[in-house]
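Chemist: Dock chain B against the given chain A, drawing on the hints supplied.
Note that the protein sequences, when read in sequence, are chains A and B.
Residue numbers for the first sequence follow the working numbering, beginning at 494 and rising by one.
Residue numbers for the second sequence follow the working numbering, beginning at 2 and rising by one.
Just so you know, the hints here were simulated from the structure itself, not pulled from any lab data.
Worth double-checking, as some hints may not be accurate.
DSS-like mimics (lysine-lysine), calculated; alpha carbons at most 27 Å apart, straight line [unchecked claim]:
no., chain 1, residue 1, chain 2, residue 2
1, A, Lys597, B, Lys91
2, B, Lys35, A, Lys889
3, B, Lys21, A, Lys837
4, A, Lys883, B, Lys21
5, B, Lys67, A, Lys739
6, A, Lys768, B, Lys42
7, A, Lys837, B, Lys8
8, A, Lys889, B, Lys42
9, A, Lys772, B, Lys42
10, B, Lys42, A, Lys843
11, A, Lys739, B, Lys77
12, A, Lys887, B, Lys42
13, A, Lys837, B, Lys91
14, A, Lys843, B, Lys8
15, A, Lys597, B, Lys24
16, B, Lys77, A, Lys539
17, A, Lys597, B, Lys42
18, B, Lys21, A, Lys917
19, B, Lys24, A, Lys917
20, B, Lys35, A, Lys772
21, B, Lys35, A, Lys917
Given next are the chains, with one letter for each unit.
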Amino acid sequence: MNSLADKTASELSELYKKNSCTQKEILDSLTQAIHSKDGKLNAYVKFEQTRPIHRKPPATKARHQNIGGQASADGDLRSPLWGVPIAIKDNICVEGQEASCASKILQNYIAPYNATVIEKLLDAGAVIFGRTNMDEFAFGSSCETSFYGPAKNPWDLARVPGGSSGGSAASVASRTAIAALGSDTGGSIRQPAALCGIVGLKPTYGRVSRYGLIAFASSLDQIGPMTRDVRDSALLLNVIAGYDPKDSTSADVPVPDYTSFLGQSIKGMKIGMPKEYFKEGLSKEVGEAIKSAVKKLEGLGAVVSEVSLPHTEHAVNVYYIVAPSEASSNLARFDGVRFGYRNKSAQTLKEMYEKSRGDGFGAEAKRRIILGTFALSSGYYDAYYLKAMKVRTKIKSDFDEAFKKVDVLLTPTAPSPAFKIGEKTEDPLQMYLSDIYTISANLAGVPAISIPCGFSKNNLPIGLQFLAKPFDEGTLFKVSHAFEQATEFHKQKPEEPSS
Amino acid sequence: MSEFNLKHIASLARLHFEEKDLKVFESQVAGILKFVDELRKVNVDGVEPTSHPLPLTNVFREDEIKPSLNVEEFQKNSPQVRGRFFEVPKVIEDKS
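Same shape as in the complex, but just chain A (with noise of 0.2 Å):
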C-alpha cells in the first residue's frame, strides 16, 4: 500500500505544485492510517478531540521569504510546508487544545496561546495535525511514564518506541504522521528517533524559540523536527528556528537556508569518533552498524579519527542533578491554584497543595522533584548542584577542544536497539543510563542529529548521532543527508501492526 500518509513532506509539496493531491486528501489518508493503526500504537494522545488547524498562506513575497520558502520558478509562492500535516508532542502548546505533557495533573488544561514555533508552522502553511504520546513532562526514555499509558514502537508492539517523544517517533515511522515536532533535554527525541528508524535532529540551545514549550529542564530543553528523511528535517528546522523576543534564551543568530547543505560533497571532511563512546556498555549489533556507517562514510571520502571527550563518563551523573533540579524548580507552578488538577479534600493550603501534587504527578516526576529539591537544599548546593555545573562545565570544554580537530563527531544514539516494554520501568537508573550517548550534547548546548544506520537481527532500527558546533547544523545536514543518500535504511518500513 503506498498512501499519501507514506509521503514525506518534500514529497507533498511536489504533489501540491503539480495539483497532483488536495490538502483534504492528505488529511483524510492520514486520518485512515492513524484509525487503523492508532488503536495498537498509542502515539496520538485525544486524536477524536483535537481539529487540525490551518492558516491560509501569505499572500506576498516578502512575507513568503519571511518563513522559510523561496518561490518555485513557476511563481509559487507556498512555502514548501503548505499544508503539511505536522504532529505536535503534547508538551507544547497550540491555542484551544489541551496540553497535558501526558500528565494526570494538566489533564483538561487548555493552552490559551501558541507556541512559538506553532505560530511559525501556520505562518508557513504547514497543518498542526494531532498530539503525540510522550513521558510525563518528558521524564523518561521508553513512553511509559505518559498518564495515558505507553505508546508502542511500530518496528515490534512489545517493545519502546523510545522517549520521552516516543509518541512522535513512533507516529512518524509508522506513517500515521508525515513528521512531528518533538522536544529533547537528554536525548528525547534522537534517542526515539533511533528506535523507531527516523532522523531527529536536537537544534544548538538557543536556535529554536521555546516560548510555549511547557518547560523541564530551561537550559536543555530544545524543540526539534522528527522526520521520514534529512531533507525534511531541514525544511522544518528552516521554518521553526530563529531569534524570539518571547524567549530570552533564544539566540539572535542568522538562520541559514538548510536546504542549500542538502546534496553536498563530504570530501574531506573529518569526523572524529569519541573513544569514550565505544565502551562496555554498547550493544554488539549497535557497534557492528556504526563500523559499517564509518566504512560507508570513509567510502565517500571524509576522513575519519579516533578523538576523546574525557567527561564524558560524568555526563549522566551531572544531567541527573542538573536536570531534575532544574524540573524540581519548574514544575513547582503546578500546585492546584491557577490551573490544572486540585485535590479539593484539602483543608489547608499547604495540605491542597500537597495533595494536588502527590495526586496529580506520576512516580517518575515525583522521583525527579524529589531528587532535584533535595540537590537545590539548603546544606547540599554546594556539594551536588554547584559540584555539577563545574563538572558541566568541562564537559562543555571537551566539545570546545574536539570540535578544534574535526567538523563533526560520529557516535551510537542509543546503546542498543527497542528495549521491551517493562523491561527497565522497575530500575529507575537501567532507565536512565539509556541517554548516555545523548545527554552531554543538551549539557553542552551542542546541536546534535540522530539518523537509520542499520538494522539488528530482529529487525529494529539502529541510530547513529553526528554531533557539531554551536549553531552548524549545516554540517549536521550535510554529513547525515551524504550518508543517507548512500544508504536505503530511511527507506525501510514497519509492517502493518497486527498482534
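Modeler: Using the frame of chain A, we list chain B on its own:
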C-alpha cells in the same frame, strides 16, 4: 546517603506521599544519589560553573505595554475562582 530524608524533602517540595510508598521511593532516590555521588571524584578546582550553555547576560527589552491574556480567558483553566481571583483554602485562622 544517610542524610537523605524523604519526608523532609517531600515537605520542602510540597509533595504528598502515601505512607506505603515512602520506603520504595526513599531507596530509589538514595540509589540515584549514590550514583551521582561519583562526581565527588572529579577535581573542579578553579573551574567556573556553567548554569547555561549560551553566554547570555541581562537580556533587556523596552518597557512597553502590550496586550496580554485577559483574566476571563485565563481563568477557564482554573480549578476554583471567585470574581477576578483564584480561590484557595483559608490561609489565616479566624480569631475566636
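Chemist: Work down the list of hints and note, for each, if the structure agrees.
Modeler: Here's how the hints hold up against the structure:
1. A/Lys597 with B/Lys91: holds (25 Å)
2. B/Lys35 with A/Lys889: Holds, because 24 Å separates the two Cα atoms, which is no more than 27 Å.
3. B/Lys21 with A/Lys837: holds (22 Å)
4. A/Lys883 with B/Lys21: violated (38 Å)
5. B/Lys67 with A/Lys739: Since the Cα atoms of B/Lys67 and A/Lys739 sit roughly 12 Å apart, the hinted pair holds (cutoff 27 Å).
6. A/Lys768 with B/Lys42: holds (21 Å)
7. A/Lys837 with B/Lys8: holds (23 Å)
8. A/Lys889 with B/Lys42: holds (18 Å)
9. A/Lys772 with B/Lys42: holds (20 Å)
10. B/Lys42 with A/Lys843: violated (39 Å)
11. A/Lys739 with B/Lys77: holds (23 Å)
12. A/Lys887 with B/Lys42: Judged against 27 Å, a Cα distance of about 14 Å means the pair holds.
13. A/Lys837 with B/Lys91: holds (13 Å)
14. A/Lys843 with B/Lys8: This hinted pair holds, its Cα atoms lying about 15 Å apart.
15. A/Lys597 with B/Lys24: holds (23 Å)
16. B/Lys77 with A/Lys539: holds (20 Å)
17. A/Lys597 with B/Lys42: violated (39 Å)
18. B/Lys21 with A/Lys917: holds (22 Å)
19. B/Lys24 with A/Lys917: holds (20 Å)
20. B/Lys35 with A/Lys772: holds (22 Å)
21. B/Lys35 with A/Lys917: With Cα atoms ~19 Å apart, B/Lys35 and A/Lys917 stay inside 27 Å; holds.
Hints 4, 10, 17 from the list above are not met by this structure, while the remaining hints are.
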